[in-house]
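Asks: The chain contents come next:
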Amino acid sequence: MNDLNTYLLVAAILFSFGVFGVMTRRNGIAVLMGVELILNAANINFVAFSRFGGMNFDGHIFALLVIVLAAAEAAVALAIIINIYNNMNTINIDEASSMKE
Amino acid sequence: MDNIFINYSLFILFLPLAAFVIQIFFGKKLPRQGDWVSIGAISITLILAIAMFVGMLLDYNPDFRQEASFTWLDMGAFSIQLGFLVDNITIIMLLVVALISTCTHVFSLKYLKGDIRYSRYFAYLGLFTFSMNGIVLANNLISMYMSWELVGVSSYLLIGHWFEKESAANAAKKAFLTNRVGDIGFFIGIMLIYTAIGSFTFTDIFEGVAGGVLVGTTLTLAGVGLFLGAMGKSSQFPLHIWLPDAMEGPTPVSALMHAATMVAAGVYLTIRIFPILSPDALLVVAYVGGFTALFAATIAITQNDIKKVLAYSTVSQLGYMILAVGTGVYTAAFFHLLTHAMFKANLFYGSGSVIHSMHHALHEKNDHETDAQDMRNMGGFREKMPITYWSMLASTLAIAGVPLFSGFLSKDAILAGSLSFAQHHPEHFLLPVFGFGAAAITAFYMFRMMFMTFHGKPKMPELIDDIHESPKEMAGPLVLLGTLSVAIWYTLPHLNPISTDGSWFTTLVHPVTAVVPGSFTAHAIEEGAHHAHNLAMGISIGVAALGIGLAVLMYLKNIISPETWGKRAGFMYDWSLNKYYFDENYDKYLYQPTLRLAKKIAWIDWELYDKYFINGFGHVTNWASRVSGKFDYNIIDQFLVDGVGRIADNFGFMLKKIQTGKLQNYLLYVTAGVIILMIIQSY
Amino acid sequence: MTNLQSLSYYYPELILSGVILGAIIYDLLIDKSKSGNVGWFLIAGLMAVAGAICLQDDTVTTLFTNSIVLDPFASFFKLLVVLATILVSVVSLQSGELSEYRKGEYFTLLGIIVFGLFLMVSTVDLIMVYLSIEIVSIMSFVLAGYLKQNTRSNEAGLKYVVYGAFSSGIMLFGLSYIYGLTGSTNYFEIQHAIANLDTSANTALIMATIMMLVGFGYKVSAVPFHFWTPDVYEGAPTTITAFLSIAPKAGAFAMMIRFFNQVLADGGAMGGLDTSSIAILPWANILSLLAVITMTLGNVVALQQNNIKRMLAYSSIAHAGYMLLAMPVMSGDSIYAIMIYLVMYLFMNLGAFFVVIAVKNKTGGETFDDYKGLGWEMPMIGVAMTIFMVSLTGLPPTAGFIGKFYIFASLIKGGGQFYWLVLIGGINSVVSLYYYLRVVKVMFLEGERSETILQPPTIMAVMILATAIPTVILGIYWTPVADWVQNSLTFFIQTL
Amino acid sequence: MENILSWLIWMPVIGIGIIAFIPRDKNDLIKIIAAVTTGLQFLLTLVLWQNYDAGNGGMQFMERATWIPSFNITYILGVDGLSLPMVILTALLCFIGIFVSWNINKAVKGYFALFLLLDTGIIGVFLSMDFFLFYIFWEVMLLPMYFLIGMWGGPQREYAAIKFFLYTLFGSVLMLIGILGLYFSCGNTFDIQVLMEVAPDALRGLTWWGMSAIKVIWVLLFVGFAIKVPVFPFHTWLPLAHVEAPTAISVLLAGILLKLGVYGILRINYGLMPDGVYWFSGALAALGLINVIWGGLCALAQTDLKKLVAYSSVNHMGYTLIGMAAIIAAGEANGLNLKAAQAGLGGAVFQMFNHGTISAMLFILVGVIYDRAHHRDIEGFGGLAAQMPIYTGITAVAFFAGLGLPGFSGFISEAMCFIGAFPVYKGIVIASTLGILLNAAYFLWAFQRIFFGELNEKYKDLPEINRLELFTVVPLLLITLFFGIYPAPFLNLISSTMDVIINHVVSLATFASM
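Protein chains in written order, with the working numbering: chain A, 111 to 211; chain B, 14 to 696; chain C, 64 to 559; chain D, 274 to 787.
Any given hint could turn out to be false.
[What the hints assert, rightly or not] Derived BS3-like pairs (lysine-lysine); straight-line CA-CA distance at most 30 Å:
id : chain 1 : residue 1 : chain 2 : residue 2
1  : B       : 670       : C       : 211
2  : D       : 731       : C       : 435
3  : B       : 669       : C       : 423
4  : B       : 41        : D       : 731
Calculated directly from the structure, the hints in this document are not laboratory data.
Please build the complete structure, drawing on both the sequences and the hints.
Replies: Structure representation (structure tokens):
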């Protein structure tokens with residue numbers, strides 16, 4: 111049962127949780143976690159394809175790279191959210207919607 | 014252009030124009046406001062015209078004809094030649110125009126003394142004479158059309174001379190527009206002919222029609238089209254409404270234009286194009302002429318304004334001439350035109366001097382409301398104004414068709430022509446009935462006018478002692494034209510005052526055979542006229558006597574009172590009094606609907622089409638926005654640019670709403686977008 | 064080409080990274096007040112890089128085990144990005160918004176974005192695609208939220224971060240599937256694999272491509288992935304808005320051209336002007352649909368704006384739409400047209416933003432009423448803005464018209480099925496006339512004429528002229544640009 | 274003067290250059306410079322007329338210079354019988370326009386710079402023989418017009434200006450599509466002369482959107498030009514633009530800009546798509562008829578004098594359309610009636626010139642009364658004839674010239690249009706003769722309400738028309754009168770080119786290929 115499809119299935123579920131998480135959670139940090147979920151879902155895909163698809167190591171390299179970039183992205187995102195907190199002392203995303211239309 | 018006649022006619026044509034230009038620019042500054050410039054010019058043209066007339070008489074050659082033409086514009090295949098044509102008819106017409114114009118100039122010296130636009134008046138007279146001569150001398154339809162419209166403009170200017178009066182301004186506009194209606198017909202006729210024959214000059218047209226290039230219904234339509242132009246100018250039946258109103262202009266103008274020359278232009282055109290008028294076209298001409306004669310005469314009976322009577326009598330006499338052309342005796346028509354010009358102008362001058370003296374009398378009494386032209390205020394002027402009375406009497410006798418006077422000769426010829434036509438074509442018996450009926454009524458209303466103004470007790474006794482004869486400048490033309498109303502001038506080499514055979518006129522102006530196959534041959538016309546001559550003479554004398562007698566009974570001896578007959582006539586009387594309500598009907602069914610239509614279209618163009626049709630989409634989007642719920646009123650009034658802009662505006666407004674500012678909505682829209690794209694792409 | 068050998072071809076990027084590191088160190092040495100010098104340092108460095116790129120003309124090779132390529136096409140875009148960054152940096156030194164902040168990090172981040180864009184334009188490998196997008200995006204998140212005290216800038220930063228991360232996440236997921244289906248991350252191998260895949264895999268491939276489209280669409284701000292643009296453009300400092308509206312967009316277009324023609328089509332269009340490629344995957348009509356919606360929404364909503372910066376945001380969306388119009392044609396001409404349009408767009412768009420910055424420095428306002436009667440008060444600004452607005456509408460004799468002319472020409476040459484696109488493009492330019500001219504109307508036709516004449520500071524005036532003059536000149540005589548673009552149309556093609 | 278045409282186009286730009294350096298407050302100096310520039314330009318056109326060889330109908334004074342080789346765009350100039358009268362008219366009206374706008378005092382420098390730019394644009398359109406250059410000049414005119422109406426116009430000027438701009442831009446976008454279509458289907462060239470030979474056959478087989486390419490391109494280009502003429506459905510911008518534009522600008526707008534549309538149709542549509550001419554001429558005549566009747570009726574109902582004159586322009590341009598439609602008379606189907614074709618086409622071009630002079634005169638006179646009474650409501654006046662006799666005289670002449678009275682040039686061109694179009698379109702021509710009645714009606718009715726009747730005491734002290742205004746009106750009046758009496762000089766000038774156009778259309782059009 112542990113062949114390619116299961117991994118893809120898990121990745122797809124993780125992906126949809128991630129998308130769902132990003133769209134519904136009020137808290138900025140929770141949204142970032144959602145994004146992380148999406149990225150990791152892609153990682154699982156890469157590693158699974160590389161392992162089971164009989165391909166070369168590109169998948170693994172790609173996954174490593176994604177982890178690095180996810181970290182960088184998280185750092186910057188958290189910095190911005192802290193900044194928002196300092197100014198508006200809330201990290202509720204809906205608060206930050208003064209610019210519209 | 015070496016020959017003398019063409020040179021003279023050029024002078025006759027351009028001298029008045031020169032006078033017009035001088036008057037317009039320097040009129041005010043010249044001594045006596047430059048009237049001597051105009052009179053000088055017009056008298057030179059008169060002398061030249063007389064010289065040509067005498068030359069014609071000496072030459073005494075019926076087929077005299079000289080033509081000169083030049084290329085006006087040439088674009089390769091399409092080119093227009095203009096030119097001058099001088100033949101017997103032209104010479105006579107030039108003389109008529111020059112004579113009457115001179116008389117009007119002289120008459121106006123006193124009549125318009127002290128008028129604020131004195132110099133401009135003489136300028137317009139010069140312009141009129143130039144354009145009238147332009148019509149007479151034209152050898153092609155284009156320059157005739159051009160002078161046609163110039164005559165229309167000069168009549169507009171002269172009728173509107175006292176433009177302060179609202180009625181004068183309206184009359185001028187009405188005259189020009191009605192003439193324009195006629196001119197449209199004229200132009201369509203020209204186009205029909207040009208498309209078929211390819212040239213505008215009469216000679217080519219006659220050859221073309223003779224050669225069968227233009228036949229059948231197009232020929233008739235072309236003929237009727239040209240005749241429509243004549244109807245406009247000579248105020249025949251449907252387009253007659255402008256002539257009575259044209260009386261708003263000064264009386265000398267009415268004498269010159271609306272009696273002798275301008276209105277005769279229509280008849281002159283019909284005479285010129287007679288050879289190409291097909292039998293059906295001639296029938297149309299005849300019926301229009303005949304009906305107008307009778308119709309106008311019936312109105313003249315009940316008119317009380319002296320100039321209106323003369324105006325309607327002119328309309329009816331013109332109807333006569335057109336009837337004559339229609340029935341084939343177009344030389345008689347030209348003869349009547351000649352005689353009519355003389356006595357009708359004289360009648361107008363007479364009425365002018367009567368009105369002039371009435372004005373002075375009223376001025377003394379400084380009572381400004383009573384109308385100086387209303388015959389009911391006149392009466393008993395015989396002793397006070399002998400010269401006016403006798404000259405007017407002469408003309409009245411002439412117009413009534415009493416023997417020994419010019420009118421009798423010409424009218425008799427016409428009636429003979431229509432009678433012989435009826436004998437040849439019994440189904441058209443109506444034409445002579447029109448003719449003789451009109452003759453009777455003419456005699457009646459003319460003498461009614463004479464008796465009401467000159468005979469009987471003065472209706473306003475206090476005025477009578479201030480009425481006195483007009484000064485010599487006004488009396489001169491009266492006397493001159495009065496004498497010319499006598500028959501003797503027209504029968505000259507032979508002295509028999511009754512018949513014109515052998516007279517200078519009949520020899521010099523003889524009918525040319527019609528170019529249209531199957532139409533009248535010259536011989537048939539002359540022979541027919543002779544045959545019916547005696548019978549027609551008898552009936553016309555009888556009819557004239559009847560008319561005069563009735564007028565005597567009613568207005569001289571007051572045995573039959575006009576009021577009782579008026580009531581007994583009932584609706585007939587007030588129909589005729591109000592000119593058959595033509596003006597009112599035209600206004601109700603023609604002018605108002607056009608104005609309303611114009612207003613509607615302008616509204617459509619400015620309001621509806623611009624704001625709604627192009628912005629019409631705006632409504633569609635409004636409906637859409639209302640349906641989509643929460644849009645309130647201020648959204649709708651935010652229309653900045655109409656049309657496409659408004660659609661864009663509305664969509665923009667709705668789409669703008671999507672940008673809600675909430676981050677998660679954006680992400681929702683993105684995922685939705687992705688899903689939609691996937692769905693689309695999978696098909 | 065092994066990594067060491069390719070280093071010798073990679074000296075422009077090396078110089079660039081040297082400049083970035085130098086800038087960071089230089090920023091540490093000097094205090095806050097003189098932090099502007101970092102800007103000048105960066106500008107000097109970028110000029111050096113530009114010189115280096117020019118030296119490399121028409122060498123066509125792949126570098127770093129064919130993950131990126133070096134070809135005139137990439138050099139063209141690199142030069143374009145460098146030019147845009149230089150212009151923006153000079154103006155950033157004058158911009159009032161940044162005056163009380165340290166500008167050191169500002170310029171280093173700009174340098175890093177340039178590096179990311181260098182990678183973006185020359186990538187032929189999926190990994191490099193994701194890497195370059197992430198570099199550019201992360202740096203621009205920070206720059207968007209650079210004004211810490213200003214809540215709107217923070218909000219812009221936040222929205223940009225979450226939106227950017229989310230879109231690149233989806234793109235990554237798509238990339239993983241493409242990798243899975245084709246077994247390789249290199250463009251040419253993928254193209255070869257897709258060509259040989261049986262059609263059953265097509266639906267999966269298309270789903271993956273659409274997910275990738277999310278990433279590209281987000282970068283190019285094509286509808287329906289444009290939602291971040293208006294808010295971020297309005298919130299971010301105006302200089303950054305100017306930069307975002309041109310440099311990343313150019314990079315993204317380069318990447319899209321390479322990806323769509325090289326991977327999803329047989330790469331025929333890469334041959335030169337009159338060549339065209341045949342799509343393996345039917346992506347043409349999706350892109351034309353996207354282009355039409357982008358254009359129309361951009362123009363139509365821009366009508367409604369009364370904040371000039373926000374209006375320019377929607378106008379840049381609309382212009383992205385005009386450029387996208389040419390993509391589906393897949394011919395050498397259409398690539399040529401997009402490149403010319405980008406050059407013209409660079410000048411007129413930057414010019415418009417520079418005027419907005421100049422006005423903001425002077426009056427501090429961004430809405431239309433702040434521009435009332437400005438044409439009389441500052442005639443130089445008024446005339447310049449008129450030129451930019453007219454050019455953005457696409458009227459001759461300005462550069463904008465030439466850009467649109469080439470796009471429409473490539474569409475009509477592309478064949479009958481694209482004529483309706485030209486029609487819609489035309490109608491959109493007519494609609495766009497209204498809001499562009501509204502700026503001119505407000506400046507000249509409304510507001511009373513003040514007698515006192517103000518002139519913008521000299522450097523600002525120079526920069527506005529530096530963009531206004533080319534906008535007009537290129538509208539009349541644009542052969543040099545046409546030739547430059549023509550001989551940079553050579554690509555690195557590897558047929559397996 | 275070998276490149277006289279380039280001088281003609283770029284002289285106003287030199288004027289702009291000089292004006293740019295004059296300080297803002299020296300109004301008179303700016304006006305003098307503008308007057309001198311346009312004056313020189315007018316003299317140059319007269320020189321051009323002098324050594325223009327009326328015999329050969331083809332292009333003369335050709336100038337060629339490569340411009341953008343990559344797209345095969347070249348800078349080609351040329352003048353022939355069709356464009357020469359228009360160039361002379363433009364130079365004349367621009368010269369007079371300067372004096373009409375002598376009392377402009379708001380931002381004078383901007384006004385005259387834009388005025389000269391507009392002049393360049395118009396002359397450029399008439400002289401350019403390269404389709405791309407033609408399009409560039411066509412669009413260059415739009416911006417100055419927008420500002421001239423927008424800044425110096427009447428109360429609703431912004432709305433009028435933006436509407437004018439949107440309308441014309443929409444037309445020119447369609448034109449651009451047409452141009453590109455022609456460029457690619459006729460061997461990648463913009464040179465009009467080459468297109469003239471290549472296009473008729475190249476387009477024959479092609480289909481666009483399922484329809485024959487000739488029809489589609491013809492309609493695209495026709496709409497672009499028709500908006501300018503203006504032809505009926507696209508005319509709603511004209512009254513608004515005229516009412517709001519300052520006097521000098523509505524003189525230019527009515528005098529020349531309307532002719533650009535007709536010139537474009539004759540030069541491009543007739544030149545490149547002879548089959549289109551056959552296919553569309555029926556519709557053209559019908560549109561002409563609608564123009565005549567619609568314009569006439571709208572003018573009848575107007576109370577604003579300027580709007581009345583604007584609608585009269587719509588009416589007069591209707592005659593031009595009818596005249597142009599007459600060209601197919603020369604085809605075999607209609608019996609090789611070269612006379613009618615020459616009359617029609619020659620009449621249309623002559624009518625373009627005449628309407629230019631007459632409507633310019635009318636607008637100047639409307640401007641004169643507006644400067645004095647500060648309103649244009651016809652009902653508001655009354656009895657001015659007593660107060661301003663000279664002005665009344667001139668307006669009377671202008672009105673009569675407008676309604677096509679013989680003795681003035683208007684009549685001849687109208688008559689020629691009718692005579693030309695009559696053989697082929699009998700019904701339409703007869704219906705449109707109603708137009709000359711409508712003309713007479715609204716002109717005379719307006720004349721009566723303004724000038725006749727009692728003098729409205731409000732205008733007791735209205736000053737008479739002054740010398741400057743006289744200087745602007747009298748030349749136009751003399752031209753109308755001279756060409757009314759003796760039109761040969763003008764017609765000889767254009768007749769050879771008319772033959773060239775007629776032969777081109779008739780010989781190349783294969784009626785069957787539609």
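Asks: Now look at each hint and say whether the structure bears it out.
Replies: Status of the hints after comparison with the structure:
1. Taking the CA atoms of residue 670 of chain B and residue 211 of chain C, the gap is about 29 Å. The hint holds against a cut of 30 Å.
2. For the given pair, residue 731 of chain D sits about 39 Å from residue 435 of chain C by alpha-carbon distance, which is inconsistent with the 30 Å threshold.
3. Annotation: proposed proximity of residue 669 of chain B to residue 423 of chain C holds, straight-line Cα distance about 25 Å (limit 30 Å).
4. Restraint check for residue 41 of chain B and residue 731 of chain D: satisfied, since their Cα atoms lie roughly 27 Å apart, inside the 30 Å limit.
In summary, the one numbered hint that this structure violates is 2.
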